[in-house]
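Take these sequences, add in the hints, and give me the full structure.
Protein sequences appear in the order of chains H and V. Letter by letter, the first sequence follows residues 265 to 723 in this note's numbering. Letter by letter, the second sequence follows residues 265 to 723 in this note's numbering.
Keep in mind that the hints were calculated from the coordinates and are not lab data. Computed from a predicted structure; not experimentally measured. Wrong hints could be hidden among the right ones.
Copies of one chain are not kept apart here, so a pair can be met inside one copy or by any two copies together.
Below, simulated SDA-like cross-link-like pairs (lysine to any residue); rule was C-alpha separation at most 20 Å, straight line [claimed, not checked]:
(1) K579 / T708
(2) K579 / V513
(3) K579 / V525
(4) K579 / G676
(5) K579 / G540
Protein chains: 2
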Amino acid sequence: MPMVADPFPVASILLAAGREESLRPLLVQLVVIILAARAGAVVARWLRQPSVVGEIVAGLLLGPSAFGAWFPELFAAVFRGGAGGDAGGVMEASLTSFSQVGLILLLFLIGIEFDFSHVRRQGRLSAAISLAGIAAPFALGYGLAVAMTPRLDALGATAAIDARSFALFMGTAMSITAIPILGRILVEMGMQHTPLGATVVASAACDDAVGWTLLAAVSALAAGNFEIGRIAGIVGATLGFAALCLFVVRPLLLPRLERSVHGGDAGHGGPRLSLGMLSLLLAMLFVAAWTTSLIGIFAIFGAFLLGASLSGVPKVREAVTGQFADFVTVFFLPIFFTYTGLRTTIGSLSTPEAWGWAAAVMAVAVLGKWGGCGLAARLGGMPAGEASCVGVFMNTRALMELIVINVGMDLGVIPPAVACMLVLMAIGTTLMATPLAAWMLRGTQYEPTLVGRGFLRGR
Amino acid sequence: MPMVADPFPVASILLAAGREESLRPLLVQLVVIILAARAGAVVARWLRQPSVVGEIVAGLLLGPSAFGAWFPELFAAVFRGGAGGDAGGVMEASLTSFSQVGLILLLFLIGIEFDFSHVRRQGRLSAAISLAGIAAPFALGYGLAVAMTPRLDALGATAAIDARSFALFMGTAMSITAIPILGRILVEMGMQHTPLGATVVASAACDDAVGWTLLAAVSALAAGNFEIGRIAGIVGATLGFAALCLFVVRPLLLPRLERSVHGGDAGHGGPRLSLGMLSLLLAMLFVAAWTTSLIGIFAIFGAFLLGASLSGVPKVREAVTGQFADFVTVFFLPIFFTYTGLRTTIGSLSTPEAWGWAAAVMAVAVLGKWGGCGLAARLGGMPAGEASCVGVFMNTRALMELIVINVGMDLGVIPPAVACMLVLMAIGTTLMATPLAAWMLRGTQYEPTLVGRGFLRGR
Numbered sequence: 265m266p267m268v269a270d271p272f273p274v275a276s277i278l279l280a281a282g283r284e285e286s287l288r289p290l291l292v293q294l295v296v297i298i299l300a301a302r303a304g305a306v307v308a309r310w311l312r313q314p315s316v317v318g319e320i321v322a323g324l325l326l327g328p329s330a331f332g333a334w335f336p337e338l339f340a341a342v343f344r345g346g347a348g349g350d351a352g353g354v355m356e357a358s359l360t361s362f363s364q365v366g367l368i369l370l371l372f373l374i375g376i377e378f379d380f381s382h383v384r385r386q387g388r389l390s391a392a393i394s395l396a397g398i399a400a401p402f403a404l405g406y407g408l409a410v411a412m413t414p415r416l417d418a419l420g421a422t423a424a425i426d427a428r429s430f431a432l433f434m435g436t437a438m439s440i441t442a443i444p445i446l447g448r449i450l451v452e453m454g455m456q457h458t459p460l461g462a463t464v465v466a467s468a469a470c471d472d473a474v475g476w477t478l479l480a481a482v483s484a485l486a487a488g489n490f491e492i493g494r495i496a497g498i499v500g501a502t503l504g505f506a507a508l509c510l511f512v513v514r515p516l517l518l519p520r521l522e523r524s525v526h527g528g529d530a531g532h533g534g535p536r537l538s539l540g541m542l543s544l545l546l547a548m549l550f551v552a553a554w555t556t557s558l559i560g561i562f563a564i565f566g567a568f569l570l571g572a573s574l575s576g577v578p579k580v581r582e583a584v585t586g587q588f589a590d591f592v593t594v595f596f597l598p599i600f601f602t603y604t605g606l607r608t609t610i611g612s613l614s615t616p617e618a619w620g621w622a623a624a625v626m627a628v629a630v631l632g633k634w635g636g637c638g639l640a641a642r643l644g645g646m647p648a649g650e651a652s653c654v655g656v657f658m659n660t661r662a663l664m665e666l667i668v669i670n671v672g673m674d675l676g677v678i679p680p681a682v683a684c685m686l687v688l689m690a691i692g693t694t695l696m697a698t699p700l701a702a703w704m705l706r707g708t709q710y711e712p713t714l715v716g717r718g719f720l721r722g723r
Numbered sequence: 265m266p267m268v269a270d271p272f273p274v275a276s277i278l279l280a281a282g283r284e285e286s287l288r289p290l291l292v293q294l295v296v297i298i299l300a301a302r303a304g305a306v307v308a309r310w311l312r313q314p315s316v317v318g319e320i321v322a323g324l325l326l327g328p329s330a331f332g333a334w335f336p337e338l339f340a341a342v343f344r345g346g347a348g349g350d351a352g353g354v355m356e357a358s359l360t361s362f363s364q365v366g367l368i369l370l371l372f373l374i375g376i377e378f379d380f381s382h383v384r385r386q387g388r389l390s391a392a393i394s395l396a397g398i399a400a401p402f403a404l405g406y407g408l409a410v411a412m413t414p415r416l417d418a419l420g421a422t423a424a425i426d427a428r429s430f431a432l433f434m435g436t437a438m439s440i441t442a443i444p445i446l447g448r449i450l451v452e453m454g455m456q457h458t459p460l461g462a463t464v465v466a467s468a469a470c471d472d473a474v475g476w477t478l479l480a481a482v483s484a485l486a487a488g489n490f491e492i493g494r495i496a497g498i499v500g501a502t503l504g505f506a507a508l509c510l511f512v513v514r515p516l517l518l519p520r521l522e523r524s525v526h527g528g529d530a531g532h533g534g535p536r537l538s539l540g541m542l543s544l545l546l547a548m549l550f551v552a553a554w555t556t557s558l559i560g561i562f563a564i565f566g567a568f569l570l571g572a573s574l575s576g577v578p579k580v581r582e583a584v585t586g587q588f589a590d591f592v593t594v595f596f597l598p599i600f601f602t603y604t605g606l607r608t609t610i611g612s613l614s615t616p617e618a619w620g621w622a623a624a625v626m627a628v629a630v631l632g633k634w635g636g637c638g639l640a641a642r643l644g645g646m647p648a649g650e651a652s653c654v655g656v657f658m659n660t661r662a663l664m665e666l667i668v669i670n671v672g673m674d675l676g677v678i679p680p681a682v683a684c685m686l687v688l689m690a691i692g693t694t695l696m697a698t699p700l701a702a703w704m705l706r707g708t709q710y711e712p713t714l715v716g717r718g719f720l721r722g723r
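Next up, the structure:
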């Protein structure tokens with residue numbers, strides 16, 4: 265008879281309560297992350313920077329270099345599940361997933377907001393800017409690395425560094441342009457639909473694709489298994505996927521999306537896709553991300569390609585951004601910034617020589633990107649101010665650079681001190697973009713917009 | 265000199281690529297989950313059920329009882345990271361987090377869509393319905409359990425079951441009303457802003473709160489440490505938190521939210537909160553969820569209380585739902601359904617006696633909720649059709665019941681066969697809600713809405 269009262273283990277009072285307990289640390293993380301991003305955004309706007317720059321810095325400050333260094337116990341409690349490492353893995357798995365999914369959604373939105381009409385008109389110009397934006401910084405970075413190699417011991421490199429891999433890596437690191445951050449900056453400055461904005465985004469997109477391909481090639485070379493066949497396969501598969509998006513998915517899907525858009529009903533307002541279409545679109549987005557990840561060029565490219573292939577129809581764009589964009593911006597983006605900040609340890613540069621090299625890294629990065637892209641734009645016929653502005657925008661590296669740095673450190677081709685220099689360069693080039701761009705656009709057609717949004721003082 | 269070329273470990277070619285590899289299984293899961301939910305929604309609409317019912321069933325079908333039983337290897341590949349259990353924990357951690365955060369967002373939305381004006385007018389009625397909706401099913405469930413106890417051995421109970429705990433648990437399980445699902449059903453039927461809808465939601469909310477408190481009390485009793493002081497503390501803290509939301513947060517926050525709402529600008533359309541306000545609101549939402557979780561009555565109640573305390577201002581409601589609701593519905597909700605489905609194993613009822621008991625469980629559940637609530641509504645002055653309809657809606661148990669079942673199994677107070685009966689009851693009561701409610705509302709003021717939305721045939 266099942267009537268014997270068994271003493272139940274007190275520890276497992278409630279399965280549900282147990283899940284609740286695992287939920288609480290995540291809630292604390294989310295609150296800290298969202299509030300820090302908000303505070304960063306407020307400070308940034310106060311300093312006439314786009315709020316996204318403040319959010320990036322907030323994410324880095326939440327990492328081990330600031331929050332973790334100043335309040336190690338509180339940091340461990342919030343992000344590592346207390347002193348024990350047990351909960352850390354699961355907690356990090358959640359943040360990782362949120363950040364990855366958020367980045368995919370963001371790149372899709374950047375893609376769908378892409379305005380091809382300007383690019384078509386300015387395709388050759390974008391190609392020239394993009395090419396110059398890779399070649400110049402790569403060459404300069406390679407040269408700097410060659411000069412730096414004999415001094416790596418003095419900079420604290422403990423492991424052996426392969427000189428050729430180091431040089432190729434530095435070249436690649438200089439060539440990166442951060443399209444998601446650049447996209448956000450352009451949106452905040454009100455430039456995303458302008459010819460200048462379109463040229464910059466088109467050039468940055470090319471740069472990004474080439475940059476990641478370079479990164480994969482250099483990584484493969486460094487790891488000792490450079491195969492020309494594999495690289496060719498990646499490029500071919502990517503082009504094939506892009507063609508599929510543009511020539512099959514776009515003609516089949518876009519008219520259906522457009523038909524599904526309905527105006528604001530009682531509960532909502534604004535154009536919206538039907539829930540069924542939105543659901544299909546989301547599934548296709550994750551399929552696209554999965555495909556390019558399998559090809560080997562990162563999931564975010566699939567998201568961007570699908571978005572770009574569905575761009576150009578204002579009704580669809582407004583519906584999708586209306587249904588996605590705010591939540592992605594407010595919820596997912598700060599998580600991505602914090603997640604990357606958590607993985608970044610900004611070491612300290614201890615000697616004057618180290619600071620000298622750091623300055624050289626910054627100078628080479630700026631000279632290569634700004635100079636290369638700006639010159640290409642000017643030669644392509646842009647007015648000097650706008651051409652220079654293109655260069656400044658392309659110089660934005662932000663967190664994409666941090667990913668590259670992590671790769672380099674993991675491969676052992678960049679010592680920690682050099683990684684730290686690159687981190688400073690990544691933040692510096694991002695911080696300088698907005699004030700310099702706004703200053704250069706004084707007196708152009710863009711001035712009223714910039715004054716209206718607080719990036720320039722009215723005259 | 266750091267010039268010695270070291271053979272780099274091929275295994276760790278790319279840190280980023282490594283993260284990409286961990287991302288791919290998650291992308292596959294998301295695609296499967298979203299498409300299954302979509303398919304379930306289409307089938308449900310075809311059967312004149314609300315799409316949410318189809319999404320629930322799709323989530324259950326993705327679990328070990330259907331997908332896992334029919335395609336064990338594919339199931340393991342998609343949801344358990346292949347044969348090895350290694351990746352399983354991390355993969356499940358991600359799904360768990362997405363599902364928990366999604367449920368919190370959903371309950372906030374249900375709260376903010378809450379229309380208190382009807383409840384104020386019908387407060388006494390809602391209280392009566394709610395009370396009857398707890399007392400009648402609890403008593404009937406308790407009685408059924410007492411009758412069932414001598415037969416538990418025959419039903420395959422292998423462990424000792426405490427008879428009193430079993431009876432209390434069965435009573436509680438019968439008293440559950442699933443407010444999130446009920447809310448979705450009311451929205452889909454177009455009833456959420458009607459007096460009937462408001463009465464049902466108000467009653468269900470009370471029922472839910474009392475039901476969860478009951479669950480906590482019964483669980484504590486079963487675990488052998490029932491303390492009247494702790495229960496009183498939970499109730500007191502909850503009332504205090506609700507008062508804080510209503511008398512401090514609402515007057516301080518709501519005017520600011522209202523001022524921050526701006527009409528559609530170029531990229532969006534429809535009323536929207538500023539990103540800063542949205543960000544603050546999200547942080548407060550997670551703080552509220554964390555608070556009630558700490559109190560001991562589940563995070564979702566904090567989300568609901570905050571939402572409800574910000575309800576009643578159409579401009580704010582439209583802005584928030586416009587910015588959140590579609591993404592929550594399309595992305596987070598199917599994950600929650602699947603996550604719960606993954607944790608639910610619908611065993612098989614092998615004997616005629618077992619099927620007899622299953623029928624008794626279903627009959628008692630329906631009789632208790634429908635009868636109790638319907639009678640209370642009728643005595644409170646509602647027309648017979650509408651009163652009966654209130655009973656049918658309150659009878660919706662859906663996935664909240666599944667959580668209770670998991671708790672009971674974990675505590676060892678419900679044998680697997682009884683758990684299976686309760687699962688069938690949970691799905692059955694949810695499936696019958698819409699067709700019965702629509703049928704009962706024939707000839708009332710609600711008929712045109714129901715015909716318009718396809719839940720009734722036009723005459």
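Right, here's what the structure says about each hint:
1. Neither within a single protomer nor between protomers do K579 and T708 lie at most 20 Å apart by alpha-carbon distance, with minima of 30 Å and 38 Å respectively.
2. In this homomeric assembly, K579 and V513 come within 20 Å of each other (Cα to Cα) only inside a single copy, at 18 Å, whereas the closest approach across copies is 37 Å.
3. Only within a single protomer do K579 and V525 lie at most 20 Å apart by alpha-carbon distance; the minimum there is 7 Å, versus 22 Å between protomers.
4. Within a single copy, K579 and G676 get their C-alpha atoms no closer than 48 Å, and across copies no closer than 55 Å, so neither meets the 20 Å cut-off.
5. Taking the closest pair of Cα atoms, K579 and G540 come within 20 Å of each other only inside a single copy of the chain (17 Å); across copies the shortest separation is 26 Å, beyond that limit.
Checked against the numbered hints listed earlier, the structure breaks hints 1 and 4; every other hint is satisfied.
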